[in-house]
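> With these hints in hand, go ahead and build the complete structure from the sequences.
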Amino acid sequence: MAEFEPVLLANINRPNSFTRKEYEATGGYQSWKKVLSMDRNDVIDIVKSSNLRGRGGAGFPTGLKWTFLPKDHPGPIYFCLNADESEPGTFNNRILMEQDPHQVLEGLMISSYATRTSTAYIYLRYEYPGCNKRLQDAIDECYAAGYLGDNIQGSGYSLNIYIHQGAAAYICGEETGLIESIEGKRAWPRIKPPFPAIEGVFRKPTVVNNVETVACVKHILDRGADWFKSMGVPADPNNPRDAGSYGPKLYCLSGHVEKPGCYEAPLGLTARQLIEDFGGGCWKGRSVKAVIPGGISMGLLGPDELDCPLDFAGPGKYGCLGLGTAAAVVIDDQTSIVDFLHNSARFFAHESCGQCTPCREGTSWALKMLNRIKAGRGRLKDLDLLAEIGDTIGIIPGTTICGLSDGAAWPIKNAIKKFRGEFEHYIKRTNPDGYMVTDPVPVFETTAH
Amino acid sequence: MIRVELDGQQIDVSPGTTVYEAAEQLGMRIPTLCHHADLSPVGSCRMCLVEIEGWDRPQTSCNLPCTDGMKITTSSNSLQNARQSMLRLLLEHYHDAASDNSHRPQTEFERLVEEYDAQNKADPSCMQDQQRYPIDADDNPFIRIDLNQCILCTKCVRACSEIQGRFVWSVAERGDQTRIVCGTDQTMLQAGCESCGACAAYCPTGALADRMAFRAGKPDRLVRTTCSYCGVGCQFDLNVKDERIIQVTSAADAPVNGMAMCVKGRYGYDFVHHSERLTRPQVRQYLLQETDWRQRPADRGPWVEVDWEVALDVTSRKLAEIWQESGGQAMGVLSSAKCTNEENYLMQKFARQILRTNNVDHCARLCHSSTVAGLAMAMGSGAMSNSMQDIAENAAAILITGSNTTEQHPVFGAMLRQAALRGCPIVVADPRRIDIAEFAVMHLRQKPGTDVALINGLMHLALENGWHDADFIRQRCEGFDELQAVVQNYSPNRVAEITGISEADLLAAAELLCTAKPMAVIWAMGITQHTTGVSNVLSLANLQMLLGNMGVPGGGVNPLRGQNNVQGACDMGALPNVFPGYQRVDDTGISDKFASAWDLQAAEHVDDSNRALDQQPGLTVTELVNGGQEGRIRSLYILGEDPAMTEPDSNHAKACLAATEFIVLQEIFPSETSEFADVLLPGATFAEKEGNFTNTERRVQPIQLAVPAPGEALPDWLITSRLANQVLERTGRTPLGEFAAWRYAKAADVLREINSLTPSYQGITPERIAAGESLQWPVTDANHPGTPILHVGKFTRGLGKFHAVDYLPAVELPNDEFPLLLTTGRVLYHWHGGEMTRRAAGLTAVCPEPLVEISPDDAAKHAIANGDWITLESRRGTLHARACVTNRVAAGVVFGNFHFPQKGNVNNLTIGALDPVAKIPEYKVCAVRFAGSS
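Protein chains in written order, with our numbering: chain A, 1 to 449; chain B, 1 to 934.
Among the hints, erroneous ones may be present.
[Claimed, not checked] Simulated crosslink set (DSS-like; lysine-lysine; CA at most 30 angstroms straight-line): (1) A:Lys428 - A:Lys381; (2) A:Lys192 - B:Lys71; (3) A:Lys192 - A:Lys71; (4) B:Lys517 - A:Lys204; (5) A:Lys229 - A:Lys33; (6) A:Lys374 - A:Lys418.
The set of hints was computed from the structure by calculation and includes no laboratory data.
Here is the structure:
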């Protein structure tokens with residue numbers, strides 16, 4: 001990895017990296033000026049040929065998403081930058097927005113131009129006041145420089161960017177929940193189809209992309225698709241559905257490591273490389289018990305699965321939900337997986353938006369059982385019930401509108417499957433008299449909060 | 001078409017059809033808790049999952065559009081398991097505090113739990129066994145809330161926003177703390193609830209339930225019927241148990257309203273079983289005293305309960321005596337817009353055939369006589385030209401003037417809110433900022449009584465800007481030059497001066513209303529109850545003809561009829577100038593037709609000189625009432641009307657009633673008017689008899705016998721028939737003509753007679769109604785499909801006639817002595833004179849007292865606080881009511897209602913000035929002043 005030159009993080013440590021002056025000193029906004037005279041379809045083609053996949057979690061090909069917009073729509077078409085970074089363990093967007101906001105804006109502007117958007121919203125996480133200030137300052141600078149507003153640089157193209165702050169709900173990161181929230185409504189995800197490209201904000205065609213995704217767009221326009229594809233993991237020729245994992249990626253490393261932080265590397269490094277080469281290994285000389293590969297909704301890698309490549313295809317091969325946000329959380333060998341799962345269940349029960357039956361009821365049911373296990377009243381039977389809930393809720397079994405409860409289900413499924421012995425041991429130890437009981441047990445009063 | 005296969009059955013469906021709908025078309029029932037055809041799909045309960053061949057996971061059928069060749073499985077083991085899982089998950093929090101639910105019908109949720117055997121399979125260890133929310137903590141008198149039973153299907157939220165346009169319900173919190181809330185976590189009424197009950201009607205669990213029906217038991221039967229409140233004509237099911245109405249429930253296939261209803265229709269039914277119902281005939285004691293019964297005491301004396309034989313004997317004797325002494329011209333018949341077509345037909349037949357007089361009228365005189373007269377002059381037919389659903393769905397713009405639609409025709413008001421939500425611009429022209437103004441793009445607040453100037457001003461601008469439809473005017477209308485000449489004088493400047501509406505607003509409204517095609521005009525009493533009522537109506541007719549908005553979907557002239565059957569009462573000829581179907585009494589051919597049909601043979605000793613029918617139009621309601629004092633009317637036979645409450649200048653009206661020699665009152669309650677009656681005949685409510693009502697859009701709909709009338713009360717058509725037979729006998733006449741007899745075994749026999757004598761009702765036969773047809777007249781033969789839109793291609797009178805009308809000020813305007821302008825109307829929770837609604841416990845609980853709306857300006861000027869009791873006085877009387885300080889009225893204007901009797905009746909103040917043509921009183925404008933506040 002030594003020869004890799006950081007792309008997205010290249011300038012974050014420069015003094016005043018967040019100012020337009022510093023940004024332009026390193027070649028900023030050259031692509032923006034260039035793009036304004038380009039054919040939109042050429043811009044889309046470049047992004048398509050780069051095979052850039054969305055960095056927000058699902059890894060959907062960005063260029064392809066843009067082509068879903070209706071071709072002859074009279075407008076308006078909206079662009080939503082998803083900056084509602086809420087996945088536990090994830091903070092790469094924050095670093096981009098705080099330290100290099102112009103990079104994000106240039107990517108957003110190019111993406112807006114390519115998608116014929118005149119109004120772009122940055123849906124910003126409420127808990128990021130620093131980002132809010134830096135972004136707004138940067139936007140103001142762009143208006144002052146004539147990079148935003150009406151008839152930009154005489155091109156005839158007009159673009160306005162607005163920051164919309166969320167109100168501290170995980171569900172707003174789901175693209176249709178985000179859209180509802182921008183409309184001023186409760187962020188209950190919409191049923192799809194219609195997808196946002198057809199009916200999004202105010203029922204108009206809408207693109208929703210992640211902060212890191214549009215930042216990559218800027219660099220693809222700077223240096224070309226081939227440069228972008230020179231990094232990462234090529235598509236598996238034997239799997240026609242694999243679009244490959246190209247380009248640089250920001251990995252957030254946290255938990256029980258010596259040097260947590262946000263690190264940039266080409267897609268495809270392994271969990272072990274991330275922990276050892278970047279993070280300085282497990283802290284306090286302990287060993288790794290488990291790693292969350294990409295935010296807790298992705299599930300768990302066991303200690304014998306650390307060679308899992310952290311690209312779009314890798315974690316799935318190890319039973320995880322996917323790469324997610326590439327936010328790795330390391331759990332050391334002195335931490336209880338029961339505690340981990342309890343914590344995870346508490347998070348999802350709190351963040352379930354309450355719309356779909358399986359998610360609302362399933363996440364709270366799971367939490368109640370884990371509360372009971374933690375209180376020393378668990379039964380071995382509960383593990384099967386938990387696994388059953390894990391199998392029942394989510395888009396993947398077809399029972400919810402959005403993917404939130406898949407994210408709730410995966411930690412449950414992975415933890416019970418990969419660490420069943422620890423759960424059984426815990427239950428037997430804490431409930432020696434009752435662990436075999438299968439009769440109904442009185443309710444243990446609790447709330448999800 | 002798209003072909004799909006469901007469980008092996010093929011079906012062709014139109015594009016956009018969902019899988020759920022396709023299954024419904026095949027008669028399959030896919031389980032769902034959150035979906036209803038009326039509401040937008042949300043797909044959140046996940047019960048309606050189906051499997052699609054080639055798809056890797058199940059899909060919700062409620063929102064999945066069919067695509068060609070789709071192969072769908074609606075039932076499989078894995079789907080059964082998934083649905084069972086959903087129910088088990090819901091049972092985690094569902095909690096019903098009642099230990100025994102045999103007292104009520106099973107809810108949809110309970111039915112599914114049973115069907116999928118989910119209760120037994122649920123893991124009881126994690127079931128929420130306890131109550132999480134307080135039960136029944138909201139003070140809405142109609143809706144009982146138990147959130148412990150809520151499964152968050154959000155049908156209530158969508159029903160309130162999408163059907164009712166009220167946005168009371170929404171969702172708060174998240175995760176398993178998610179719950180439905182009213183407004184910002186207020187009570188329902190605080191959050192602006194209109195108590196329409198839609199939320200409870202759609203609720204699949206009983207979390208929201210009708211309070212009045214709670215623990216009332218399971219109904220023995222459901223009886224489909226038509227509402228007896230306003231003219232919208234909602235249908236619903238009366239739930240009957242032990243011969244009492246225990247609940248009113250929505251009927252999804254009701255032609256006008258579907259599942260929707262208003263608070264009065266859904267919850268105002270308890271008057272039917274009220275303890276004050278008249279159950280036995282009563283006569284004044286003097287009538288039983290053979291010696292001097294001809295001379296009644298000044299105060300009419302005490303009531304004596306008698307049996308029907310005595311009551312009808314006394315009544316017929318007295319009526320026969322007056323008829324023989326003074327002739328029919330000294331007698332009046334007041335029919336009822338609350339009663340059926342059949343009963344109205346019989347009342348006018350009673351007047352014309354038996355009493356030989358056209359002195360028959362009813363309260364349409366007081367509400368829409370100017371509409372009937374004006375539209376007949378302009379177009380030849382005095383009824384709403386289009387249908388409510390048509391306007392709500394097809395209008396490109398809507399002008400609402402003088403109609404407080406959301407309070408007086410609430411279900412149509414809600415449809416108009418839906419129209420606004422679909423983007424149809426609404427302009428409200430009303431002196432008050434009424435509720436529907438919140439949904440309007442413009443509210444024009446004209447001074448009361450300046451409507452002609454406003455409409456002429458709009459037409460002035462239309463002509464000036466070329467927005468008129470020249471082709472329509474040339475081909476289908478006459479009298480345009482005269483109109484143009486008058487309208488020329490109504491420059492924006494002058495109109496602004498008269499109406500108080502700014503020139504800019506006038507222009508903006510004109511452009512919006514005149515350039516959107518089709519544009520529908522809707523009005524009610526704000527237009528009609530003026531001394532210029534006919535002129536107002538003619539102006540609106542002019543406007544719609546000028547713009548070519550007649551005879552097209554989404555346009556038209558649309559007077560909203562007030563009472564449940566005021567349209568039918570007019571149709572049936574309960575008017576002094578027309579037989580049924582608006583056949584004129586002064587047309588000799590028509591008169592001969594009825595004379596022959598109703599021909600009577602006099603006994604030899606009886607003078608038979610006036611065998612022909614009276615061809616002189618008779619007296620109107622107001623003239624008949626006044627006639628008592630003037631001495632030209634000796635008797636009144638009143639059916640279901642309360643002139644002591646509803647006539648203008650009620651002190652004067654009461655004096656006239658007191659002076660009338662003999663009054664027969666056929667009623668369900670001892671109304672205010674009963675004080676002046678000599679005979680009280682107990683009639684039946686809409687739930688206790690059969691017949692038909694005709695709604696505002698000319699739709700004829702049946703009512704059914706659901707419960708027995710209390711005591712000895714009888715259906716009104718039967719009472720009138722019996723009385724008629726007795727009067728015939730006493731006056732020595734026997735039926736001769738084909739329809740002369742009064743032998744009706746059931747209401748349908750009367751309808752057959754109506755069919756025969758009334759061309760526009762000819763095809764509205766008992767058979768077609770019984771077969772479920774919902775017909776809008778004219779229906780000219782047994783195969784005619786009905787007429788949803790009038791004047792298509794040709795006006796009823798041939799050419800539409802423009803009438804050049806000039807603005808005239810109201811008769812009594814404020815001055816130094818009486819500085820305030822009083823206008824009158826009704827409120828959502830009450831109905832007209834309040835006879836029924838004041839005896840509906842819930843309605844009275846929400847609105848117990850008379851209110852007068854006062855602007856903050858006037859309130860400050862007179863040191864009146866919201867809720868103070870105040871007294872208003874006019875030259876004619878005083879009103880005692882609570883002040884409601886609100887911006888709904890402009891400074892200088894006050895608004896009162898006529899729902900409360902005695903000191904609380906605004907008609908103590910109103911003026912008896914009449915429109916010269918229609919004889920409608922000017923309820924909407926008179927001058928008043930404060931008599932001090934306490």
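> Which numbered conditions among the earlier hints are violated in the structure presented, ordered from lowest to highest?
Structure breaks no hint.
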